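Given chain E, work out where chains G, S and Y should sit, using these hints.
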Amino acid sequence: MPETELKKIEAIIRPEKLQQVKLALAEADLFPMTVTEVRGRGAQKGICLQYRGKKMEVDLIPKVKIEMVIRNDDVPRAIGAIRAAARTGKFGDGRIFVLPVEQSANVRIADSVTEDG
Amino acid sequence: MVLDSGDTAFILICTALVMLMTPGVGLFYGGLVRRKNLISMFALSFVAFAVVSIQWVLFGYSLAFGPDIGGVIGGLDHAMLAGVGFDGDGIPDLLFMAFQMVFAAVTLAIITSAVAERIKLSSFIVFGFLWTTLVYDPLAHWIWGGGWASALGILDFAGGIVVHISAGWGALALALVIGKRAGFGQYGMEPHNIPMTLLGGALLWFGWFGFNAGSALAADGIAANALVVTNTAAAAGALAWMGASWINGKPSSIGMISGAIAGLGAITPAAGFVDPASAVIIGVVSGLICYYALLWRLSRNLDESLDAWAIHGVGGLWGTLALGIFAVAGIGGVAGVITGSPAQFGLQLIGAAAALGYAFAVTWICAKAVDLTLGLRVSEDEEYVGLDISQHGESINA
Amino acid sequence: MAIDSGDTAFILICTAMVMLMTPGVGLFYGGMVRRKNLISMIALAFIAFAVVTLQWVVAGYSLAFGPDIGGFIGGLDYIGLAGVGMDGEGIPDLLFMAFQLVFAGLTLAIMTSGVAERIKLSSFIIFGILWTTLVYDPLAHWAWGGGWAASLGALDFAGGTVVHISSGFGALALALVIGKRAGFGQYSMEPHNIPMTLLGGALLWFGWFGFNAGSALAANGLAASAFVVTNIAAAAGAIAWMGASWINGKPSSLGMISGAIAGLVAITPAAGFVNPLAAIIIGLVAGLLCYGALLFRVRKGLDESLDAWAIHGMGGLWGALATGIFAVAAVGGVDGLIAGNPGQFVIQAIDAIVALAYAFGVTFVLAKIVDALFGLRVTEEEEYVGLDIAQHGESLSA
Amino acid sequence: MKKVEAIIRPEKLEQVKKALAEKGLFAMTVTEVRGRGAQKGICLQFRGKKIEVDLIPKVKIEMVVPDAAVDTIIEIVRAEARTGKNGDGKIFVWTIEMVAGVRTDEIMTE
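If you read the protein sequences in the order shown, they are chains E, G, S and Y.
For the first sequence, my numbering assigns the number 1 to the initial residue and increments by one for each residue that follows.
For the second sequence, my numbering assigns the number 1 to the initial residue and increments by one for each residue that follows.
For the third sequence, my numbering assigns the number 1 to the initial residue and increments by one for each residue that follows.
For the fourth sequence, my numbering assigns the number 1 to the initial residue and increments by one for each residue that follows.
Here chain E stands alone, though its shape is the one from the complex (with noise of 0.2 Å):
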């Protein structure tokens, strides 16, 4: 596996933990992202709240989902940045995907294209 293969990450986490995210992949020199607000639920079925002995689920809980385009050496400093700053210990701290990326090309400079092979 070269070394300048290109990878993005996938991380859906606790919207409130978007701040210190970001600053601790800032801090491992991990820079640019692009974020999304979502909504999504986990293997644990959503919250389930008692309410007057009903039962209510509240399934797709607001998430924030980053996504990065970054080299394939920097992915393990990115998941430890990321679970650093973004767990808590509960339920519904997210998850991270690791997806190849065969191609980027940078819009702004011609003949930027670097791909892999």
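Bear in mind the hints are in silico, worked out from the structure with no lab data behind them.
One should not assume that every hint holds.
To be verified - Calculated pairs, EDC-like style, for lysine to aspartate or glutamate (alpha carbon to alpha carbon, straight line, at most 16 Å): (1) Y:Lys60 <-> E:Glu102; (2) E:Lys90 <-> Y:Glu80; (3) Y:Lys85 <-> S:Glu381; (4) E:Lys90 <-> Y:Glu106; (5) Y:Lys17 <-> E:Asp59; (6) Y:Lys85 <-> S:Glu380; (7) E:Lys90 <-> G:Asp381.
Claimed, not checked - Examples of chain G residues lying across from chain S (beta carbon under 7 Å, computed): (8) Ala50; (9) Gly393; (10) Glu394.
This one's a predicted model, so the numbers in the text were calculated from it and none came from an experiment.
Beta carbons: idealized from backbone N, C-alpha and C, even for Gly.
Just chains G, S and Y now, kept in the frame of chain E:
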């Protein structure tokens, strides 16, 4: 004792304007909380308004404005509005009752600051009923209903003591009982919708003309003076707070509108007694001390979440004292320290201190009582998903 | 016939407050539709107001308030506002005309509930002109312009029959003609912006003081009484509906504000005839009855989309009857059932039923005609992309 | 592991969620998006003028699942979200190389 159609017209409209302040508070607060609690924050204001509306006609008005019992509380002669009719002195008695009612309602709405994003709705209804009965009604009686404070000569034109000190210091007590929001101090809880807060602030500024000028209870020169000093103090407060926040960084729009509310809160007790030049000073000082009160609150890690204490409590306290400093006999018939009558300042100090102590202590007891019996606070999970879903079963953009 | 400056000031402001109710309806409805139809819903309210404004000054005012022809309709003497001048009894005739105009504008705006998210704008304008001319104007004439209902002694203080029964049952007829929204009943159509609905509700509650208290047409004790009972009924309705929805699940804020509107509607015809305690009962019953009507409508699969029928229609019907039950001579000079005058209740029932049948029948026929000639409804694809884009070429944050 | 990304009509979300949950496919992330497909949006006739409405509101569902579950998801989404008209959406499948938990130190790779 004849009715004047001009005065009646004016107070009818002022009552409607003050009514609009209650949803104004809801919008103001709603924009300051996180998205998941916006509906809850807005709805709490309406709930406060509805609860107090009923409490007031059942017996609240009578407790505040019924025949004096020992200077402390009114008798129940006007319970269920008995004897409150179409006639009156200048304006119908029924209208005076309604005008006082919208004041009582907005006061309870202001207190929701303290419990933002974590109050159980059912407990708030019980607390609101208790609070209006045991805190607001006595204070209104002391000052306006012929109680001990008015007998002493303590002045409060439109509610610096009755509305703002009581709501602000009550909110502080309530916040101490209910405790901090989960995560307070650990991560930022940024206001999610500033334009909504600005719209709420606009409705408050607009409604405040009814609040202060209407407190003249007639469409006359005092009403005009009250309107002018009200607007002046609001503007001065807005500029002062904005300037202070500019020095520390950027002049935030929330700071600007908070400063306006601080100026409005401070001029409220004084509006019928001071001139426009004094209003500038009252507004500027209010903007600055409320700003520093807010910073102090944050530094002490107190989660009186939306700053009813810093703005209404501290601003109302300053305004009550400022009345004793700046009052001019030519306007409201009373002179203050500057025009050579220090005694009024002493009276204002007594009134403010007594109201502050009473409001804080009794609110604390009411809150504790509700907390121990019903629980003030929602569960941790309910708080995490937000009160919109957990208390109302609703959400934005669902 | 001198002009009273106080009364004139009061009705001028009340007219402006009622005008604000029309965009209030737009915001109230706009928050309840899906995002893609929000602009359309608010725009419809403005368009209704503009269309009725022109209709009213050209012919509508004369049809409603011109010299009586057979108890059914007014003559054309005031067409183009001929003879409507600056003089008048207490208030200028022109002001009376304007005050009535804002009622007519609001009524058409309420009707848009029946066609939400699927009406073709051009057809709505045509329908609106026809409806105001053939339904609203006659009904206003019957009750207020010297028509048969007034001769019979039917009471409608501020428009329970003229405004609410007509728009509520009219909306039902309109909804039956235009048909359900695509996908109605198959997937949920959740309100997308509840805070906007709450803001609209706040403006409605505020404006309603102008609507009801202003209907005294003077700043006097009756106006104050109407003001007070209006607020009480709103608060009682809010609490009742919220309580009822609490039993079935969560106390929704939408239910709370809907209950307030239900209470406001029901007190409208009665505001000048009942006392505050009766207002509590009227409001509570309105909240429960309209909530039940809404559940009934949903169960029947009727897509009267935003519940003008359940809230305005049924609330207005209840209010018209309640006037006959709770009226006391001490307030408005007429006794009702409880005060020993069952005849009044019978008159109220006759008036309400005739108005209901007339509004439903004529609206149904008008809607059918417009539908046959121009088509009331947008195409399926236009409905799918939403009326904001399809009818206005605009969209939120696009 | 694969990521399944389905772009569907917003009004079909509840149905799709429910059907997926019945098969034990629970975890997902939902985003409100706007999009246009190959059929170039919806064309409205407006007084002789044509208005083309592209970027129509859609919902994007993302689920990360074992390879074996991909076909089931596609089947369910198709069954529930299909109306047969243009604009029903698309489903994309991505390779996921690694999944890391935030709450725990768990790491899953191929």
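Going down the list of hints, with the structure as the test:
no., hint, in the structure
1, Y:Lys60 <-> E:Glu102, "22 Å, violated"
2, E:Lys90 <-> Y:Glu80, "33 Å, violated"
3, Y:Lys85 <-> S:Glu381, "11 Å, holds"
4, E:Lys90 <-> Y:Glu106, "14 Å, holds"
5, Y:Lys17 <-> E:Asp59, "10 Å, holds"
6, Y:Lys85 <-> S:Glu380, "12 Å, holds"
7, E:Lys90 <-> G:Asp381, "11 Å, holds"
8, Ala50, "4 Å, holds"
9, Gly393, "3 Å, holds"
10, Glu394, "5 Å, holds"
Violated hints, listed in ascending order, are 1, 2; each of the other numbered hints is respected by the structure.
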